[in-house]
Amino acid sequence: MKVPLSWLREFVDVPVEPRKLADDLTAAGLAVDAVETHGGDAVLDIDVTTNRVDCMNVYGVAREVSVLYDRPLRPLELTMQEAGPPAAEALTVSVEAPDLCPRFCARVLDVRLAPSPAWIRDRLEMVGVRPIANVVDLTNYVMMEMGHPSHAFDLAKVPEARLVIRWARAGERLTTLDGVHRTLTARTGVVAGPQAALGVAGVMGGASSEVSEDTRVVALEAAYWEPLAIRRAAKDLGMRTEASHRFERGADPEGPVAATARIAHLLAKIGAGRARPGLIDRYVAPRPVRTALLRPRRIEHVLGGPVPGESARRILTGLGFGLGPGERDQVTVTIPTWRGDVSREVDLVEEVARHHGLDKLPFTIPPGYHVGGLEPSQALERAIRVYLEGAGLTEVINYSFVSDAQAGRLVPPRARLLNPLSDELDALRSSLVVPGLLRALQTNLRQGRRDVRLFEVGRVFRADRGAVEEVPTLAILLAGPSRPVHWSEKPPPSDVFHVKGLLEGLTERLGLGDLDTAGSAEPPAFLHPGQCAAVVWSGKRIGWLGAVHPDVAAAWELRDETLVAELHLPTVLASQPPAPRVRPLPRFPAVTRDLSVLCDASVAAERLVAWVREAGGESLRAVAIVDRYEGAPVPAGKVSVTLTLRYQDPARTLTGDEVQASVGRVVEELRRRGAEIRGE
Amino acid sequence: MLGLHEIRDKVRALRAEIDRALDEARDGSAVQAVRDRYLGRKSGAVTALLKSLSGLPEEARRDAGRELNALKQEVEERLETARRRIGERERESRLGRERVDLTLPGRRPAAGRLHPLTATRHDLEDIFVAMGYEVYDSPEVEDDYHCFEALNMPPDHPARDMQDTFYLEGGSGALLRSHTSPGQIRYMLANPHPPQVRIICPGKCYRRDEPDLTHSPMFQQVEALVVGPGITLADLKGTVQAFLHALFGPQYPVRFRSSFFPYTEPSVEVDLACIACGGGGCRVCKGTGWLEIMGSGMVNPAVFEAVNHRLGRVVYDPEAVTGFAFGLGIERVAILRHGVEDIRLFYENDLRFLEQFRR
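Protein sequence lines, in the order shown, are assigned to chains A and B. Residue numbers for the first sequence follow the numbering used here, so the first one is 9 and each next one is one higher. Residue numbers for the second sequence follow the numbering used here, so the first one is 880 and each next one is one higher.
Hints were generated in silico from the structure; no laboratory data involved. Heads up, some of the hints might be wrong.
Over the 10 Å line for every Cβ pair with chain A, so calculated as not near, a few chain B residues [unchecked claim]:
1) R987
2) Y1066
3) H1188
With a Cα cut of at most 25 Å, we get these calculated DSS-like pairs of lysine-lysine [unchecked claim]:
4) K951(B) / K930(B)
5) K930(B) / K10(A)
6) K498(A) / K508(A)
7) K1165(B) / K28(A)
To give an idea of the chain B side of the interface with chain A (calculated C-beta under 7 Å), a few residues [what the hints assert, rightly or not]:
8) D1035
9) V1133
10) S1137
11) Y1226
Each residue gets a CB set at the ideal place from its N, CA and C atoms; glycine is no exception.
Hey, can you work out the whole structure from these sequences and the hints?
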């Protein structure tokens, strides 16, 4: 909303510089975005909040200024000399839909169409309205000045000189002033003649009754429309006009009287015509006088600082509120008709606060009542991020939206958006890896980057028969060299054991216990079937890890082997790992024995270790695979594995015979399982 | 058989010989060879001489023995000196060979980073946790009730113009939250210690904005809600100022101005003196000297009433409790702190951007 300072000064003295005025209005809730100069005049560009329709005009702003600086607000000049036969003889008005139009006011004006005088044209241009001709300009001028929209019909083009205010018939057609042919719905209001609609109520007039050069007599309409009706009509028609913008936010029910009078006054003032005697006023659904109770003590109770009673009284009165006599601790406040946004005591407190000055209130901090902090699950989620950051991974954040087509059948079905921004972002992700992390990898490969180590923690959305479940999820992606490149070596490329190791290290470090992997009966389609596994934690499958399938890698133009993992976190985060309990340090020495074994390459390492553990007995504390070799001279289909067996007893030193006996049992067991012992 | 004189001559000659040999010894084995040659138990020259004394008269034998033993001891000392000298030389030469060029780059462990928005969110959370707040996680997929209706934005409310919301297919009315404020409602409904509330609710939000320099269809907010008896607008001011000073530094003034949000009354917009220019006016603050940093206000009694209605009893009596709420964009904070000029960079995941964030 643009407000020229000269126009403002017509109604109130402004005792400060424009810059200061802008700051003061801003502090009081009328944010001045800019102060422009326009031919020597300062023009304030005010961002009026949606609730303050009363300030979407010069006079409303003038009222605020008068309270800010305690200066009188000059009334709008509304006097006029009426002439000719009574208006009611030239025009009849019937309101058939009080639920659409509580009040309809009309005047009949004899006019001489001509361009407006320069001062009107200048002001309109300053507030961003294109001048057309005096009668139309005046309706716009008055809307910008005191806020109430109005509309001029060429009376000669109103059939039977009769205006009927009713709901449109479904499918009723009308050409609006902008030349668009429109089909109306039954929840749109119209101002009609005896038959056809002449204009869309509160939104835009129609072409058939438009004022033109030949117009001699005007039927001037100013109404109070039901806000919801105008909002729905404007929405249905996809129209947003200056008029609908004001009506749908709740105009002043007294506005029609003042607006028609002001237009008639200005019409005579510029010598462009006269009003015929009488205001046609169909106030079919009178708005009640609205009041609210104000307990002055409540002001300090909400604000936390004192406001002198005299000050509060001055502010409210200046803004047009009527203060009843009331008790000492309770006053009945009459709310002005133009303040549809105010209805309760707290609204009155806000009025006092914003003019008293928020800067005058103290700064306090409320007393505490309990200890704050992160939930254990939140602390754990942080620890996961910090671990991965420390392990050299960079966190990324992808949009929660994905392209449904791009994610395709690779990952679980997705919930689709009803009103997406584009096909690229038309569904909620059901996986962090596909397409999110793959896309992030691609982005960086295109920049020539090879070593990429990423993670993301965020929610995926599981679509389940109409309901959508949000699942906190962790995903990891590794590609290219496993370490930063260095002059001393060519780092080995990341492989599937890097990603597995990260997850093992994570659960170990966070005290979450062991992580298992299991062959997956149905590996995700985008994983290499020979290099993937389900991830099992606490007996539950929580995700998977593996190498990206070569076909998918090719489709995504991935250069290096790409390793990924995705884990659903709810069960992990819900666990509350206990504080670690310290074990006493061993007092007796450990003994280690190495064992070289040749066995079928198909034997899973996990099973081999399990056999050894089982056969080794209680004093065998740990079994580690320290070497593994396939290829010549090891025969094809075989693998050579070296195990280190660690023996220890908490209560005594083990004898060589005891250890040897255990190793013997292990050797025997391995042989029974078909392995060959190559050295001990 | 040698006489005493001859032995003395021999000793003199041997001493000179040994000195020469040791001077010429260049490594440990040469020194050992000298020792073997003169002091070796079987064939050492000094040893042999000692053995030859047995034929001398007792007095001469004693004198010669004394001289020879002195020589032997002297030789041992010289051998030790030679060994030490050679050892030192060898060590020095080894240290020289082991020299490296330390102007070469070191071997750094792979350095990971938290996303700048995560790091910023953690900072915000830490400040509030220190002030006794809980951190409350709330769903991203919401319904109309929690996202709008309970927040005093019934259907057809003009304030909904301010929100342009994504809806999900399927006719359930499910939507993506356009702000973190529904977290207020969910917490109040499930409050473990009503009517006291002191929470922040961080998280992702979604609006139908085409991505550009300043808009992203997904962004992150932090919502704060404090409810209890006697909470005032002054408490809001004090808390917000303490928070902003903790985050940006106490040198930046904070400005409070009246505004409008349906779920707060009075509503207050909070500005921070421009951290780029200090308040003089610059490109970052569009010449105003102030940065809009957050929306806030006193909880609208209509919100308490909506929650009470859903609970079926008066838990948050607007006569007995008041509250304040505020919300700010995490991107906004990160943009200001790090001088990011394009909000889209946060979601493009280009490592050239992400790896610039250090702490």
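Status of each hint after checking the structure:
At the 10 Å boundary, the C-beta of R987(B) falls inside the reach of chain A, the nearest C-beta of that chain being 6 Å off. Its beta-carbon lying about 13 Å from the closest one in chain A, Y1066(B) satisfies the requirement of being farther than 10 Å from that chain. No beta-carbon of chain A is positioned within 10 Å of the beta-carbon of H1188(B); the least distance is around 16 Å. For the suggested pair K951(B) and K930(B), the alpha carbons sit about 13 Å apart, so the restraint of at most 25 Å is met.
Pair hint K930(B) plus K10(A) does not hold up; C-alpha atoms about 126 Å apart against a cutoff of 25 Å. This hinted pair checks out: K498(A) and K508(A) have alpha carbons roughly 22 Å apart, not beyond 25 Å. A C-alpha spacing of about 17 Å is found between K1165(B) and K28(A), which places the hinted pair at or below 25 Å, so the restraint holds. Interface hint status for D1035(B): upheld, as the beta-carbon distance to the closest one in chain A is roughly 6 Å, under 7 Å.
This hint is violated: V1133(B) has a C-beta 9 Å from the nearest C-beta of chain A, more than the 7 Å allowed. For S1137(B), the interface hint holds, the least distance from its beta-carbon to any beta-carbon of chain A being 3 Å, beneath 7 Å. Hint status for Y1226(B): holds, given a least beta-carbon distance of 6 Å to chain A, under 7 Å.
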